[in-house]
Amino acid sequence: MYPRQFDYVAPTSLDEAYGALGDDSKVLAGGMSLIPLMKMRLLSPGTLVDIGRIPGLDAIEDKGDHISIGALVRHSTTAGHPLIAQHAPALAQAAGMTGDVQVRNRGTTCGSLAHVDVAADQPAAVLAHGGVAVVGSASGTREVMADAFCMDTLTADLSPNEILLEIRLPKAGPGEGSAYDKLGRRGGHSDYAVAGVAAWVKMDAGSITDARVAITGVGTKPSLLPEVSQALIGTDGSESAVASAAEHAVDGVTVLEDLYGSVEYKTHLAKVYAKRAIQKAIGSIRA
Amino acid sequence: MATTSVMGGVVKRREDPALIQGLGKYTDDFAPVGTLRVAFLRSPVARARITRLDTSRAKEIPGVVAVYTHDDVAHLGPLLAQVPVGKLRPLLAAGEVNHVGEAIAMVVAEDRYIAQDAVEAIEVDFDELPAVIDLRKAASDEVVIHEELGSNVLHTWTYHGYWEALGLEDQTPQVDEAMQREDAVVVSLDMVNQRLIPVAIEPRSVLAEYEPGYGRLTVHSSTQVPHALAGAIATQLEMSIRDVRVVAPEVGGGFGCKLNVYNDEILVAWASRELGRPVKWTETRREAAGATIHGRGWVATATLVGTRDGQFLGYKLEGIADMGAYSQNFTVAIPLLGLWIASGQYKMPVSWTVDCVVTNTMTTDAYRGAGRPEAIYYLERIIDAYAREIGMDPIEVREKNFWQPEEFPATLGCGFALDSGDYAAATQRLKEIADYEGLKRRRDEARAEGRLVGIGVGSYVEVCGFGPAVLADIGFSWSAYGLPSSFNGSGLVRVNPDGTATVIIGTGPSGQGHQTAWAQIVSDGLGIPLDDIRVHHGDSATSPMGIGTFGSRSLAVDGTATFAATEAVREKAAKIAAKLLEAAPEDIVFADGGAHVAGSPDRGVDWKAIAQAAYQGHTLPEGVDSGLEETIIHTPGNATWPFGTHLAMVEVDPDTGDVELLEYYAVDDCGNQVNPMIVNGQVHGGIAQGVGQALFEDAYYDQDGNLLTGSLVDYPIPTAADLPSFQLSHTVTPTPVNPMGVKGIGEAGTIGSAHTVVNAVVDALEPLGVKHVDMPLRPRKVWAAIQEARA
Amino acid sequence: MTVNGQPVSAEVEPRTLLVHFLREDLRLTGTHVGCETGYCGACTVHVDGEPVKSCTMFAVQADGANVTTIEGIASNGDLHPVQEGFWERHGLQCGYCTPGMIMSSVALLSKNDRPSEEEIRHGIEGNLCRCTGYHNIVQAVQFAAARMRGEEPPAADWEGGE
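Protein chains in written order, with our numbering: chain H, 952 to 1238; chain B, 12 to 802; chain V, 14 to 175.
Check before you lean on any hint, since a few could be wrong.
Capping the alpha-carbon separation at 30 Å, the derived lysine-lysine pairs in DSSO-like fashion look like this [as the list claims (entries may be wrong)]: (1) K977/H to K1014/H; (2) K1231/H to K23/B; (3) K1231/H to K1014/H; (4) K619/B to K590/B; (5) K124/V to K1231/H; (6) K442/B to K411/B; (7) K124/V to K23/B; (8) K23/B to K411/B; (9) K451/B to K792/B.
Over the 12 Å line for every Cβ pair with chain H, so calculated as not near, a few chain B residues [to be verified]: (10) G226; (11) R791; (12) K792; (13) A795.
Some chain B residues judged to face chain H by a derived CB distance under 10 Å, without partners named [stated by the list, open to error]: (14) I125; (15) T295; (16) R297; (17) E443; (18) V670; (19) L719; (20) P790.
To be clear, the hints were calculated from the coordinates, so they are not data collected in a lab.
All values derive from a computational prediction rather than experimental measurement.
For each residue, glycine too, the CB sits at the ideal point set by N, CA and C.
Assemble the whole structure, with the sequences as input and the hints as a guide.
Have a look at this one:
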């Protein structure tokens, strides 16, 4: 409840922010994960760099060939924004299932990706949508595929002197659909994901031509499931095709047991939700 | 007698205007100038010897006023307990720790943040010992936690032997013989009634102000028992109760966890006296999870024997109850509350044995229902399994075995007598409000579609309104705190000179609406308008001795005291009014803010005139003393026995095991109701807590004794989105135990609901052949049960 | 920052949580603390009009912001319809979660003047109550919603009962 002491910097420009960052610093955006950890003294950065006052980071924008989600875009904005609804429905759904109203009003989509919680909703959706993380530092910006950006449990490809500036999502084209579904810890969609799957599917003339499926909650980090995608591509997206693709839902995933699921159960749930999310994605195309 | 109609009516709560505006004052809201703040160093390990404890660095931190360890407080002795069976908790760890979260050192600092900094600067080394967590393993005494006790089994409660003086018959042979009958159906299940964390939303908080000039100590605490805490502090600090005042201001939920007296309360009071300054400690949620008492924590085998046609022949329970590492307030006595209602609403011989066992975990004690939800859970689950076994409707089976209305008072095998009841009527009412036949049709239609929909029914009897004076003879006693041994309650009713009334009661409510209900009682008795009555509670210095708010007892005990005090005031006021009106006292009627002569509404005086006369003295009738107030201390002759029947309808997702609670119905009978709105609210909250146990909550220690559910992230209590609205109804069977005919409703919803939900889930899974799933019915467990049944 | 319409300023340590600043520096004790993980919602206040958990925000982050606490909800001594609803429909027992619950309900109704039961339940999902089972809180919000629309609130479910 009572964090250790730290220095607080509230820069008003990115350059200023980069100047304040160092080995013992942390970027503060929404703070929904960071502040509780600091309150329990599980994490105690020497300097907190609050990017909340830097202008220009709080927008969701159509940048022509992609949609950009800025570092200060809140979950609630992501959940309700028309551009996300149009181009990344799975992310809108995942953002809407994140936390509760108050958490969605403060927490940021970029922060959720950067935190790499094993059970967070939105990273899975960002992965399924083929999102790209744009990372900035004093020496410029670099782009990393979101899947690679999520390196390990609570570990992003982000050094202490860098800031996740934005997430870029490809724009949706014809014949594409996506969805996110999960079992929450409290059952239904409530709370963190025991298992959650985001699916993006592209269909042409009744068959699946491309797909990306990502999972959260069951493994060490949110991750893409290339075997599931491969199994889907070329099929007609029928229930049996989806079910058989979903059988690959933990291929390459180290399934971890926790209070909410055994390895066996989480493995099973991964398949159930892979099937559900893919079917919803296909359903949204057909609709 | 009643001349106004406020009793039994819905009256908006008088507590609410302050609370809805954020103007209510809870303990942590008080901050006298110069208040010091406290933080505790708590054990990160479950069982160890402390080999080194160095507070020197912590003491050097600017702003730190004191750092205390066991050596500083050893002279105060261990924390007092009502039922001192087992090892009592040292105020601060005495060279060893026995559970994660045990307080080792206490920091007092100018600021809470600094106090926490200092906690981190304390150096401590441990020599770890093997922790004993598993109940059956603990009971085996393979490792004895407290060597001086010789065993981990502190006590064994049996149905006939819990109090030898009663000379009760052991019904075990009867039950065993019934099992040998040719037509006997014997159903048995091993079931867990898991450990729970109470989670009052207000963390506990205590603020002590010792005034050296006056030699007096004022303690604000988030407690349910201000008088008991005053007694405990006085005894432990070797002061007089005269010099210790405990105030329980607004208390943000108790549910039993604030019925204990805690080491932190004693330590904060002591530190204030040592330092001569106000000292305050407010627990964090992590401390609330690991260092405030837990509830439940039983494993047991329940066996029911009956005939093929649904006649119960006997019930047997063999259980182990987890006491945790140290015994606090009632710890070892909690199972006894379950023992008394072991047979529920049914007439049958009972054999009941529960071992109380020490483990390296936080102490268990009273959590909403306290022993009774556990007892009823086992009984009602096994009845359900039996009904399934013989293929009979679960309601019909219950109806066949109910005590009948004409059999009350019904003496139980444990020696107590059920006061009053009409169990069949409540169950009939439930069938009506739930449209039981219609629900079954809907369930069967859903099943035909392959959906897993289930209906669960559960009945209960509660024992509450503690309590009978005989409790003291059994070992329940407040004498350890220097108080009378009995469970009394109090009411003081005073008519003020301006004709308004002040009511002061010994309770320490935490949301039960005493200010409203008690005003209704007094208004009803005196005809003084509700707005002219103010009720005070929670202050040991100003209220007459009353032990506190717990065990659904306040209305039946303190309410009865207040009712009697009201009667006494009215009797006296009648004499005064009679003189003023030149009439006979027996002809005086109280109504509409005053008194008049029966049959002559014009010949009246208002309460102000009566009060003025009362305080004047010289104009009083002969033999009537000055003043207009009465105090009654009441100890009831029997407990009260509320009851009810609940019904839940659920759907299970066969692919995930996810349970959705679709509908919930409850019929409860708490005797007469003072305020039906408050009664309903109590039932709603009680049901939610039972549903929480059934579906979500589990205080889980791993085998090394780490509490893995130490925050609300991992200890999910129900949110609004997890629950449906509830359909309630009531029957009214007044108790003869007290003049208002009231029984108590605080715990009923919780006692009635957990098994009801589990029965519904098992019913949903019946087509798959599932016989039982242990709580909490998280999806993983339900799914595992489905897999096992399918295998 | 501005709190309940009044400008306030103070020097605080960066680590001071907004809720502690409100409670201890400003003595606005209506905002409560119930946990440290941002789960209970007892500390809910409005920052620039949106409900947030003031225990999961440093006071310095709210520098310059417009903060409304439970103490600022009633206007000129008149209860807010949501406060009225909680009173009328017994939407509180111990009252500890109530300020946060009211702040969330006010925010919900400002965005949706006719919420369904499900929308209400999800709208207050971030506020834990251990006393009421939420039943009467839902009724309280429905009462307030009707009042704010200028309609007659639905009858309480204990009315016309036994």
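Each hint, compared with the structure:
1. K977/H to K1014/H: holds (29 Å)
2. K1231/H to K23/B: Roughly 48 Å between the alpha carbons, so the hint for K1231/H and K23/B is violated.
3. K1231/H to K1014/H: Since the Cα atoms of K1231/H and K1014/H sit roughly 28 Å apart, the hinted pair holds (cutoff 30 Å).
4. K619/B to K590/B: Cα-Cα ~15 Å, so holds.
5. K124/V to K1231/H: holds (28 Å)
6. K442/B to K411/B: holds (15 Å)
7. K124/V to K23/B: OK: K124/V and K23/B at ~29 Å, within 30 Å.
8. K23/B to K411/B: Roughly 41 Å separates the two Cα atoms, so the pair is violated.
9. K451/B to K792/B: Measuring from Cα to Cα gives roughly 25 Å; hence the hint holds.
10. G226: holds (34 Å)
11. R791: With a cut-off of 12 Å, R791/B comes too close to chain H, as the shortest Cβ separation is near 5 Å.
12. K792: With a cut-off of 12 Å, K792/B comes too close to chain H, as the shortest Cβ separation is near 9 Å.
13. A795: violated (7 Å)
14. I125: Cβ of I125/B sits 9 Å from chain H, so the hint holds.
15. T295: holds (5 Å)
16. R297: holds (7 Å)
17. E443: Cβ of E443/B sits 30 Å from chain H, so the hint is violated.
18. V670: Holds, about 6 Å.
19. L719: It holds, given that the least Cβ distance between L719/B and chain H is near 6 Å, below 10 Å.
20. P790: With a minimum Cβ separation of about 6 Å from chain H (threshold 10 Å), the hint on P790/B holds.
Hint check: violations occur at hints 2, 8, 11, 12, 13, 17; the rest are consistent with the structure.
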